[in-house]
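Chemist: Dock chains B and C against chain A, hints included.
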Amino acid sequence: MTLRAAFVDFGKTPLGLFMRDSTWAFASVQTIHLIGLAVLFGAVILLGLSALGIGMRRQPPAETALGLLPVFLWSLGVMGATGVLMVASKPLRYYLSDPFRLKLGLLAAGIALYFVLHRQLLRSGESRLPPAIRAGGALLLALWLGVGLAGRFIGLL
Amino acid sequence: MKMTSIALTLAIALTGAAPALAHHSFAAQYDANKPVRLVGKLSKLEWTNPHSYFYLEVTGKDGKVTTWGCEGANPGALSRRGFKKGDLKLGDVLTVDGYLAKSGARLIDARRITLTGGRTIFGGSAGDGGPGDTAAGG
Amino acid sequence: MSILWAISHWLYETPFAVGIRESDWAFSMIETVHVLGLGLMAGTIAIVDFRLLGLVFRRQPVSRVLAQVLPATWIGFVVMAVSGGLLFVASAEKLLHWVFGAKVALLALAGLNPLIFHTTVYRHVEGWDLEAEVPLQARIAAVTSLVLWSAIIVLGRAVAYVE
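Protein chains in written order, with numbering that gives the first Met the number 0: chain A, 0 to 156; chain B, 0 to 137; chain C, 0 to 162.
The hints are simulated quantities; they were obtained by calculation from the structure and are not laboratory data. In this text, a Cβ means the ideal position worked out from N, Cα and C, and glycines have one as well. Some clues are possibly wrong.
Said to hold, decoys possible - One-sided excerpt, in silico: chain C residues whose CB lies under 10 Å from chain A:
1. T43
2. F56
3. G155
Just chain A, with the same shape it has in the complex (with noise of 0.2 Å):
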């Protein structure tokens, strides 16, 4: 079955028929996509600032990365089961669509950044974060930022 194959069958199930039916669901399921969003940008933020040494600096970073963590877990699951569920209401759309792949493209590499960044965030002491965590921490700002304008220009084009 190929991949594309895979997209069409899934809005052919119970859920993505309801979410392509249901008047209400779409609009309440994207509604919760940006609270979660509001709130997973605003811990990538932090870190992100952390890392960059220019915010959060009057804490040690790994306190700062300890204390993001949980929010970023949490605020990802709910994109992630927000996301789906909106995929599922007409999920062919999405598969072609060139900012989902996009976005699903930089998200990737976001989650992957924000884990090695927090590991290194970790380690570091109360000594001067080397330039590479900070590159690190302009690199997630940028990426998560391709993110959010990735995911808007879904609806825009």
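Modeler: For chains B and C alone, coordinates are given in the frame of chain A:
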């Protein structure tokens, strides 16, 4: 912890308000089982964000003329489909294919617009199953 | 009410408003900034609220967490206010709907909430900065903040639906 549960519950309950206000999500406002074709004279054009609107004067079988609204994509999306505001004049006869609003209002979600002269613009997206969508069904 | 309509109608017809409203890109970009700015404003506020509820950064003094996070929140607020203001100008008279009115009302409450917090219980934060149990009033302010901002986001999304 209990306070957080209350807060989260309230926040989620509030999203229940979203459906009451959900006019524009396709499924929320339009019926995919009710495809409609309208033919009429353009009486008003709103080339606006977030949605464009084409108002047609449609003559019914009984001879009565009624005004129908056709909700289209944003100007940027229309422009990417080769469609500009200047392509239309008031009085032009348009054929618009779309889906009927669930509310019973004289409003359709315009998926395909055929201009006088036969030029066609697709308002939907590939894979959305709308009129003229060649991707869906695969 | 009619003066509100008059001002909105006047705004709606200005070339500036028409320009944004009929733009190929500008409106979408402003709207994108407004949506993504949520992270900077509401997301950081949520994390502050989580600290007050003892959910994150429990070993860090409350005052220190706020001092570090709130600058980002303020920048976010400016981003939201400017982008929101531009969106309002572009659609002015179309926004005279109870949904938008409710959003504005809740925004006012969302501004009042921290004002009360900062001028009352937070004045004595040194007394509870590192306490395991944050004062009830502070926790109520945190829950109120989370609920209000969630509702504002719901209404904000709904505005685009009823326009």
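Chemist: Would you mind marking each hint as holding or not holding in the structure?
Modeler: Quick rundown of the hints versus the structure:
no. : hint : result
1   : T43  : holds, 5 Å
2   : F56  : holds, 4 Å
3   : G155 : holds, 8 Å
Violated hints for the displayed structure: none, as all numbered hints are satisfied.
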